[in-house]
Amino acid sequence: MKTRKITEIYARIKYDPLEIVNKDASEKSPDNAPEDLEDSLEENITDKQREEFYEAIQDMEEFLEQVWLVVHADIRCFEPGTAENRFLALINETQPNISDKETRLILEETLEIDTERYRTQVSIHTLERDHNQVLDGAMNSLSGGIWRSYTRPWGNDAKEETIIYWNPNEPEREDSIIEIAVRATHGPPRHLRKE
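Using the working numbering, the first residue of the sequence shown is number 1, and each one after it goes up by one.
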């Protein structure tokens with residue numbers, strides 16, 4: 001949605017500093033930019049177009065600051081539908097603790113790990129900026145198990161990617177969760193950017 005808005009702005013002002021609109025053409029002829037580019041831009045861009053351009057850049061920066069969670073769960077069951085239902089029920093319970101703002105859930109895929117285990121994955125787009133706060137909310141949502149992380153104690157870098165794991169104390173019954181992994185990133189995770 002934002003990319004389309006930015007692309008439309010670039011197309012209207014005929015200037016694409018991030019090479020979003022016509023990347024292939026710019027790669028083929030890198031020396032075709034006019035020498036007096038700044039002067040031509042000043043002449044051709046209206047105040048409204050400039051304002052729209054800066055607004056789109058600010059929206060993009062804000063979007064890239066937002067925290068995304070990629071969560072997958074290994075679930076003991078015999079059907080992929082059972083795994084998805086169990087996992088989505090858990091996610092719906094934990095979402096209010098992850099953020100009190102609006103979140104967007106993207107259900108991705110369910111894979112068969114072996115005859116008695118499926119892995120289901122979702123990505124959660126939050127409007128939060130502090131990934132430590134979001135992860136603390138996720139950790140406080142689940143009881144009856146143990147959290148661990150190879151990246152904790154977390155560093156001071158707010159851009160750091162952090163992964164935490166949860167295992168229940170006794171995953172005995174069918175449709176029980178064996179393990180949950182939660183990865184926090186700023187901006188869309190890599191696998192969604194490729195799509």
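Rather than coming from a laboratory, the hints here were simulated on the basis of the structure.
Treat the hints with care, as some may be off.
Stated by the list, open to error - Distance ranges between label pairs, derived from CB positions:
id: 1; residue 1: Asn92; residue 2: Ile57; range: 33 to 39 Å
id: 2; residue 1: Glu170; residue 2: Ala89; range: 15 to 21 Å
id: 3; residue 1: Glu79; residue 2: Gln49; range: 15 to 21 Å
id: 4; residue 1: Glu79; residue 2: His191; range: 22 to 28 Å
id: 5; residue 1: Asn97; residue 2: Asp47; range: 43 to 49 Å
Values in this document were obtained by computation on a predicted structure and should not be read as measured data.
A virtual CB, placed ideally from N, CA and C, is assigned to each residue, including glycine.
Against the structure, the hints come out as follows:
1. A beta carbon spacing of about 35 Å between Asn92 and Ile57 agrees with the range 33 to 39 Å that was offered as a hint.
2. In this structure the supplied range 15 to 21 Å holds for Glu170 paired with Ala89, their Cβ-Cβ distance being about 19 Å.
3. Here the CB-CB span from Glu79 to Gln49 is close to 54 Å, at odds with the stated 15 to 21 Å.
4. At roughly 25 Å, the beta-carbon separation of Glu79 and His191 lies within the given 22 to 28 Å, and the hint holds.
5. Between Asn97 and Asp47 the beta carbon distance is about 45 Å. The supplied range of 43 to 49 Å therefore holds.
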